[in-house]
Amino acid sequence: MSEWPLYEVFLRSKRGLNHVHVGSLHAPDDRFALMHARDVYTRRNEGVSIWVVRACEITASSPDEKDPMFAPSGDKVYRHPTFYDIPEHVPHM
Amino acid sequence: MISDDLLGNDAHWAFGTDFEDPLAGVDTTVPDGVDPAALARYCLMLGDDALVLSQRLSEWCSRAPDLEEDIALANVALDLLGQARLLLARAAAADPSVVPALPDDSPVPAEDALAFFRSPAEFRNVTMAELPNGDFAETITRLLLLSICRLAEFESMVAHPDAVLAAVAAKGRKELAYHRDFAARWFVTLARGTAESRRRVLGALDGLWAFWPELDAPADVEVVLDQVFAAADVSRPEVTPARGLGRECVHTEALTDLLAEMQSVARAHPKGLW
Chain A
1 MSEWPLYEVF LRSKRGLNHV HVGSLHAPDD RFALMHARDV YTRRNEGVSI
51 WVVRACEITA SSPDEKDPMF APSGDKVYRH PTFYDIPEHV PHM
Chain B
1 MISDDLLGND AHWAFGTDFE DPLAGVDTTV PDGVDPAALA RYCLMLGDDA
51 LVLSQRLSEW CSRAPDLEED IALANVALDL LGQARLLLAR AAAADPSVVP
101 ALPDDSPVPA EDALAFFRSP AEFRNVTMAE LPNGDFAETI TRLLLLSICR
151 LAEFESMVAH PDAVLAAVAA KGRKELAYHR DFAARWFVTL ARGTAESRRR
201 VLGALDGLWA FWPELDAPAD VEVVLDQVFA AADVSRPEVT PARGLGRECV
251 HTEALTDLLA EMQSVARAHP KGLW
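Chains as they are written, first to last, in my numbering: chain A, 1 to 93; chain B, 1 to 274.
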């Protein structure tokens with residue numbers, strides 16, 4: 001039904017910390033969007049939490065502004081925390 | 001795993017991770033004080049309701065109003081098929097005499113023999129489950145009426161003296177709660193939607209209501225149903241009850257047609273391994 005609005009679906013998996021975008025679907029309202037997301041995207045035991053949001057509510061960057069948006073950070077290697085000596089007794093770094 | 005005893009080894013189906021075995025650690029012996037024949041009959045009633053409704057819902061595959069609803073109905077059908085499988089397997093284990101006799105070298109497991117090698121006059125499902133699908137409004141209305149009753153049955157079955165039935169109920173009640181909410185939400189949406197959707201849902205309710213008494217709903221189910229009807233601005237139809245005798249194995253022609261299709265592959269290949 002093309003008149004139903006498009007929703008974007010975000011899932012948090014059992015071991016995941018954040019909700020991750022998994023796809024989109026159509027639904028007549030917010031609650032049906034949640035149910036549809038449950039039916040379409042969690043049938044293989046993928047998720048423990050779902051977010052849905054109307055696609056039209058998302059403000060996205062445009063490919064045209066890629067350079068002014070992202071190129072300036074491409075040469076600032078000093079922003080990566082790779083210049084520290086990590087003591088041997090500090091784990092998981 | 002105890003369910004290996006009841007259902008055979010399912011390992012070849014398990015592609016995902018962290019799947020729970022609903023019968024893990026459950027004692028499968030029929031407890032003292034429970035009549036095995038009565039237990040088997042009860043399992044067949046509930047198992048046949050699920051199997052037949054599952055088959056009806058499966059008929060929507062690729063035909064639902066949109067992709068999301070197609071998958072939703074198939075999910076419900078699969079939940080019910082899973083319930084049917086456990087219940088038919090339990091019926092066979094409790095009272096092997098209910099299982100149709102097949103040749104000694106038949107590879108067909110007991111629950112499949114019950115599903116695919118019984119005649120319509122051996123099924124114990126309620127009439128409402130076997131009626132043809134009709135349109136989406138009829139399918140939703142039937143799912144609402146059946147799942148609201150089945151959820152209540154499973155809620156009380158959680159305390160059943162038979163540990164297997166109690167485990168089946170503990171798993172199934174979560175599925176049925178979703179089925180009921182899904183159906184109720186659609187029922188209200190259609191009833192309060194356009195003039196056309198309301199006309200269809202009222203027509204569906206009129207047609208199905210004659211078979212409501214056969215479900216023998218307890219009082220608290222009637223209360224929940226009235227809440228849904230109030231939300232949908234719908235009143236109980238004035239309809240003469242039909243003589244539903246599904247529990248006594250008396251059925252409509254619709255079940256004969258449904259089983260003919262459902263059973264055709266298993267009967268054409270009685271030595272097939274699935």
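Hints are computed from structural coordinates only; laboratory data are not their basis.
Hints may be right or wrong, so weigh each one.
Claimed, not checked - Computed cross-link-like contacts, DSBU-like style, restricted to lysine-lysine with a CA-CA straight-line distance of at most 35 Å:
#1 LYS271/B / LYS171/B
#2 LYS76/A / LYS66/A
#3 LYS14/A / LYS271/B
#4 LYS66/A / LYS14/A
#5 LYS14/A / LYS171/B
Stated by the list, open to error - Computed spacing ranges between beta-carbons, pair by pair:
#6 SER119/B / GLU57/A: 54 to 60 Å
#7 ASP75/A / SER197/B: 56 to 62 Å
#8 LYS14/A / LEU245/B: 54 to 60 Å
#9 ASP21/B / LEU34/A: 44 to 50 Å
#10 ALA268/B / ALA55/A: 46 to 52 Å
#11 ASP21/B / GLU3/A: 52 to 58 Å
Since the model is a prediction, treat every value here as computed from it, not as a measurement.
In this text, a Cβ means the ideal position worked out from N, Cα and C, and glycines have one as well.
Determine which of the earlier numbered hints do not hold for this structure and return their numbers in increasing order. Violated hints: 3, 8, 9, 11; rest satisfied.
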